[in-house]
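*Asks:* Sequence:
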Amino acid sequence: MTQLDDFKYVKNKMDQEGFHYCFKHYSYFPEIEDTEFHKLRVEYLEAFEKLEKYVNDRANDYFYDIDDN
Numbered sequence: 003m004t005q006l007d008d009f010k011y012v013k014n015k016m017d018q019e020g021f022h023y024c025f026k027h028y029s030y031f032p033e034i035e036d037t038e039f040h041k042l043r044v045e046y047l048e049a050f051e052k053l054e055k056y057v058n059d060r061a062n063d064y065f066y067d068i069d070d071n
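Every number in our numbering is 2 more than the matching position in the sequence shown, counting from 1.
Think of the hints as simulated: they come from the structure by calculation, not from any bench.
Treat each hint with caution, since some may be false.
Restraint-style ranges between C-beta atoms, simulated for each label pair [said to hold, decoys possible]:
id	residue 1	residue 2	range
1	Tyr66	Pro32	38 to 46 Å
2	Tyr66	Phe21	30 to 38 Å
3	His27	Asn58	34 to 42 Å
4	Lys10	Tyr30	16 to 24 Å
5	Lys13	Ala49	28 to 36 Å
6	Thr4	Ala61	43 to 51 Å
7	Thr4	His27	23 to 31 Å
8	Leu42	Tyr64	30 to 38 Å
9	Thr4	Lys55	22 to 30 Å
10	Asp17	Glu45	19 to 27 Å
11	Lys13	Tyr64	16 to 24 Å
As a list, the in silico EDC-like pairs of lysine to aspartate or glutamate whose alpha-carbon atoms are at most 16 Å apart [unchecked claim]:
id	residue 1	residue 2
12	Lys26	Asp63
13	Lys26	Asp59
14	Lys26	Asp7
15	Lys13	Glu33
16	Lys13	Asp36
17	Lys10	Glu33
18	Lys15	Glu33
19	Lys10	Asp36
20	Lys26	Glu48
21	Lys10	Glu35
All values reported here derive from a predicted model rather than from experimental measurement.
Built from N, CA and C at the ideal position, the CB exists for glycine as well.
Work out the full structure: start from the sequences and follow the hints.
*Replies:* Below you can see the structure in the form of structure tokens.
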């Protein structure tokens with residue numbers, strides 16, 4: 003496959019599966035030989051995980067605050 007084919011494939015999967023699912027659950031796209039693509043993909047997943055943890059932690063903090071009162 004050419005790089006154009008690779009990115010058409012990724013774009014198609016993003017459209018079909020949804021952006022987040024595409025990168026979190028569908029594939030890590032080992033066939034794509036593009037360093038910047040993989041750098042950004044990993045950064046996206048790391049940012050998602052940090053945000054998810056932050057929201058979960060904050061929700062738990064509020065839950066326990068209410069429970070203590």
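*Asks:* Would you mind marking each hint as holding or not holding in the structure?
*Replies:* Hint check:
Here the CB-CB span from Tyr66 to Pro32 is close to 42 Å, well matched to the stated 38 to 46 Å. Checking the proposed 30 to 38 Å range against Tyr66 and Phe21 shows it holds: the Cβ atoms sit about 33 Å from each other. Distance hint for His27 and Asn58: a CB-CB separation of about 18 Å, inconsistent with the stated range 34 to 42 Å. Checking the proposed 16 to 24 Å range against Lys10 and Tyr30 shows it holds: the Cβ atoms sit about 18 Å from each other.
For the hinted restraint 28 to 36 Å between Lys13 and Ala49, the CB-CB distance of approximately 21 Å leaves it violated. Between Thr4 and Ala61 the beta carbons are some 45 Å apart, a value that agrees with the proposed interval 43 to 51 Å. As the Cβ distance of Thr4 to His27 is approximately 26 Å, the hint placing it in 23 to 31 Å holds. Checked against the given bound of 30 to 38 Å, the beta carbons of Leu42 and Tyr64, roughly 33 Å apart, stay inside it.
Between Thr4 and Lys55 the CB atoms are about 38 Å apart, so this pair departs from the stated range of 22 to 30 Å. Look at Asp17 against Glu45: about 22 Å separates their beta carbons, and that is inside 19 to 27 Å. For Lys13 paired with Tyr64, a C-beta distance near 39 Å fails the hint of 16 to 24 Å. Only pairs whose Cα atoms come within 16 Å are accepted, and Lys26 paired with Asp63 is rejected, the gap being roughly 27 Å.
Straight-line distance between C-alpha atoms of Lys26 and Asp59 comes to about 21 Å, which puts the hinted pair past the 16 Å bound. For the hint pairing Lys26 with Asp7, the CA-to-CA distance comes to about 21 Å; that exceeds 16 Å, so the pair is violated. Our distance criterion of 16 Å between C-alpha atoms is met by Lys13 and Glu33, whose separation comes to about 14 Å. Straight-line distance between C-alpha atoms of Lys13 and Asp36 comes to about 15 Å, which keeps the hinted pair within the 16 Å bound.
For the proposed pair Lys10 and Glu33, the alpha carbon gap of about 13 Å is at most 16 Å, so the pair holds. Between Lys15 and Glu33, the direct Cα distance comes to roughly 14 Å. Compliance with the 16 Å bound is thereby established for this hinted pair. A hinted pair counts as satisfied when its Cα atoms are at most 16 Å apart, and Lys10 with Asp36 qualifies at roughly 14 Å. About 10 Å separates the Cα atoms of Lys26 and Glu48, which keeps this hinted pair within 16 Å; it holds.
Restraint check for Lys10 and Glu35: satisfied, since their Cα atoms lie roughly 14 Å apart, inside the 16 Å limit.
Against the hints set out earlier in the document, violations occur for numbers 3, 5, 9, 11, 12, 13 and 14.
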